[in-house]
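Enquirer: Residues per chain are reported as follows:
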Amino acid sequence: MDFNIDSTGFWLFLGHSPPGKPEILKCRSPEKETFTCWWKPGTDGGLPTNYTLTYHKEGETITYECPDYKTGGPNSCYFNKKHTSIWKIYNITINATNQMGSSSSDPHYVDVIYIVEPDPPVNLTLEVKQPEDRKPYLWIKWLPPTLVDINSGWLTLQYEIRLKPEKTAVWETHFAGRQTQFSVLSLYSGQKYLVQVRCKPDHGFWSKWSPESSIEIPSDFIVKDTTVWIFVAVLSAVICLIIVWAVALKGYSMVTCIFPPVPGPKIKGFDTRLLEKGKSEELLSALGCQDFPPTSDCEELLVEFLEVDDSEDQQLMPAHSKEHRSQGLKPTHLDPDSDSGRGSCDSPSLLSEKYEEPQENPPTFHTPEVIKKPENPEANITCTWDPWDIHLESKISYFHAGGSKSSTWPLPQPPSHHSPRSSYHNMADVCKLTVTPVNAAITLLDKTENDAVKASKTVETGEEEKTGKPREMESSPSKIDQDIAWLLPQQKPLFLSAKPLDYVEIHKVNKDGALALLPKHKESSNKTEKPGTPETSKEYAKVSRVIDNKILVLVQDPQAQNGALLEESAKEAPPSHQQNQAEKNLACFTATADNCRLQMGGLDYLDPTCFMHSFN
Amino acid sequence: MQPTASYLRSFLLLLLLVSNLLLCKSVASIPVCPRGSVRCQVSLPDLFDRAVMLSHYIHSLSSDMFHEFNKQYALGRGFIPRAINSCHTSSISTPEDKEQAQQIHHGDLLNLVLTMLRSWNDPLDHLASEVHSLPKAPSALLTKATEVKEQNERLLEGIEKIVDQVHPGAKENKAYSVWSGLPSLQTADENTRLFAFYNLFRCLSRDSHKIDSYLKLLKCRIVYNNNC
Chain A
1 MDFNIDSTGF WLFLGHSPPG KPEILKCRSP EKETFTCWWK PGTDGGLPTN YTLTYHKEGE
61 TITYECPDYK TGGPNSCYFN KKHTSIWKIY NITINATNQM GSSSSDPHYV DVIYIVEPDP
121 PVNLTLEVKQ PEDRKPYLWI KWLPPTLVDI NSGWLTLQYE IRLKPEKTAV WETHFAGRQT
181 QFSVLSLYSG QKYLVQVRCK PDHGFWSKWS PESSIEIPSD FIVKDTTVWI FVAVLSAVIC
241 LIIVWAVALK GYSMVTCIFP PVPGPKIKGF DTRLLEKGKS EELLSALGCQ DFPPTSDCEE
301 LLVEFLEVDD SEDQQLMPAH SKEHRSQGLK PTHLDPDSDS GRGSCDSPSL LSEKYEEPQE
361 NPPTFHTPEV IKKPENPEAN ITCTWDPWDI HLESKISYFH AGGSKSSTWP LPQPPSHHSP
421 RSSYHNMADV CKLTVTPVNA AITLLDKTEN DAVKASKTVE TGEEEKTGKP REMESSPSKI
481 DQDIAWLLPQ QKPLFLSAKP LDYVEIHKVN KDGALALLPK HKESSNKTEK PGTPETSKEY
541 AKVSRVIDNK ILVLVQDPQA QNGALLEESA KEAPPSHQQN QAEKNLACFT ATADNCRLQM
601 GGLDYLDPTC FMHSFN
Chain B
1001 MQPTASYLRS FLLLLLLVSN LLLCKSVASI PVCPRGSVRC QVSLPDLFDR AVMLSHYIHS
1061 LSSDMFHEFN KQYALGRGFI PRAINSCHTS SISTPEDKEQ AQQIHHGDLL NLVLTMLRSW
1121 NDPLDHLASE VHSLPKAPSA LLTKATEVKE QNERLLEGIE KIVDQVHPGA KENKAYSVWS
1181 GLPSLQTADE NTRLFAFYNL FRCLSRDSHK IDSYLKLLKC RIVYNNNC
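Those sequence lines, one after another, are chains A and B. Counting in our numbering, the first sequence runs from 1 upward without gaps. Counting in our numbering, the second sequence runs from 1001 upward without gaps.
Certain hints may be false.
Distance windows between CB atoms, simulated [unchecked claim]:
1. A:T54 to B:K1071: 26 to 32 Å
2. A:T168 to B:R1082: 52 to 58 Å
3. A:K208 to B:R1154: 34 to 40 Å
Honestly, the hints are just simulated from the structure, not real lab data. Backbone N, C-alpha and C define an ideal beta-carbon position, used for all residues, glycine too.
Bound-form chain A, shown alone:
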């Protein structure tokens, strides 16, 4: 048997095959004098394959083989200068051969002039140049690739550089032309820069980028420093200007903000100008129509004022002002300049005598239910600044200095002693009352004592009078007891018609609460004032003592014609020097009180003339 094994079949049996078709990848010439071609081998078919490169030159029929398979690396063919012809087309073919067979690549036509791709430039040097009068700049220098012949002009290269700060991602590319140096002016100080360069022949491909060169740009301290300082100086100047301007504009307000002026004492809500202008009505309204609690000023005024005890019997208790220490019956809101009869609160004798008495019972000021706070349309009239009210009320306070549960003259009480039940309204009224009683005490000795006498008569009437006192109470603190309440309305008509009166000075207050009043003006002035106003011609009656409740014992004191004593019925404290005549007037007093009241048509006030008649 003939055993003839075909080798090819044998190899095929083993799975081998002829080589696959190789493929020429590219050919490149770095300097237009030599070139290299690279190919990609096909499948080797499992067998060692031999690759050969053959070529034909244009115009020749000779087939050449690659002169150098090594220089260009694996699967390459290097054509040196001797084997390179310019301006000729090379027909290159790769042959792959193995035991199974061979295969050839497609012919590849190459003209060297079209495959020129130089190497990157070399010797890239960087330098930061810092001229004195200019900003520093980066000077980049390089050399053309070694193989390229520039000098003869065989190749003409054009360059391109690119640079970037180390941390950025975007390159900054610059075309450098045919020069081998370049200056970069726009730099960031204090950063590390990376630079690369590449070249291109006049009719060829760009080279690859050269390896990176780095350089550190020094921080420009001098320039930075100057700039920073200039900026700081300008900013400071601007800020200073702004401050100066602000101070100039708002200097005063700023000073007042930092050092606020010490406020002078004044009544809240009271316009002192009203005093100057002498508008009594507005003044009264200003003082009387307040609906907030009296301030400490008022409290100081309420020295020795009545404290209305909010008990069932509604009895007045003598006020024991805790502030009796205060000398000031708040003359601040009384215009001291005018001798209009409104009375001066800070009369020393007045105050001293006041202080003696109200020590025992600190009466509580209670809201007299009877004494309402009516809606008095004539608020002005009812304002506490009514001089009559002031006079009477202060007198009342003296009479009631003793302050027991009996209904004596209620002493105006400082609002601080008010019962908690007192409302603010009442407090305001009390404030008003603080002013008025003081003056009232003073003026009681005045000619207007007639009215006081009248008022005192109404005390006897008691409750009837009290109810009719709403209007008056407006001016006086509503907390004042009924006894006081009736006083005020009585005073009203007198006040309306009365001219400013002379004040009386309380001589002394005895323990029973009797006030000894002296005409103030007697000391300073004389009887000339009497005929000054028709009102001043009234005669005053002196209350000698108080009997029981609400009974005043009046005595007409020829000496103290201008002084009048009104005693609250709280205490029977006849004045020491007026006792003798009091009793005989008493009865008449009560009666005349009624008569007077009736005469007046039910108005709750007393006509002093009634009293006079009774006396005479």
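Once you've looked at the hints, dock chain B against the given chain A.
Expert: Same frame as chain A, now just chain B:
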């Protein structure tokens, strides 16, 4: 048309002509002798600079045209193998590498350049006219063909001047290769015609590259003494 419109048109045309003349004059910043002057002498470096500029430009145009033609007409037609050794200037023996070029005397090299430039006068002239007959010829191809023709004429003049300066009194060289490819450009056979064009473009590209390379070598050798 209204007289104002015609006036405007004529004025614009005049303006265009004047600007053209001015621009054409200012294309090359290198000083040019006025026509007819005998003794005007532009410096050799300037002449060479201008010559190199022109040659470089011509090759760029030619290379572009070749690529555009290939892209449009010649892909897959297998023109390349057929075009080997088919240029009409192949008979002109030219150096085939740098060493050979550097060994030739500059005068001879210049004459070589002149011969080649003259050889291309006629083909370029026909090319500019025949390229219009190509089907769907790109406009860029048309303009470049015309441009190459003009620039080639200018380069020829420049090289002649250079030769006068470099080699004064030399025997005037009038030799050139004759191109006889015109019938091929006008043949009815599309394939033949296209191949004729392809060949023309390829040869032009190569020859313009040769001229450019030779002139750059000459410039560096003559003007800069091999120290470009």
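Enquirer: Taking the hints in turn, state whether each one holds.
Expert: Checked hints:
1. The hinted window of 26 to 32 Å between T54 of chain A and K1071 of chain B holds, with their beta carbons roughly 30 Å apart.
2. In this structure the supplied range 52 to 58 Å holds for T168 of chain A paired with R1082 of chain B, their Cβ-Cβ distance being about 53 Å.
3. A hinted range of 34 to 40 Å holds for the C-beta pair K208 of chain A and R1154 of chain B, which are about 37 Å apart.
The structure meets every hint from the earlier list without exception.
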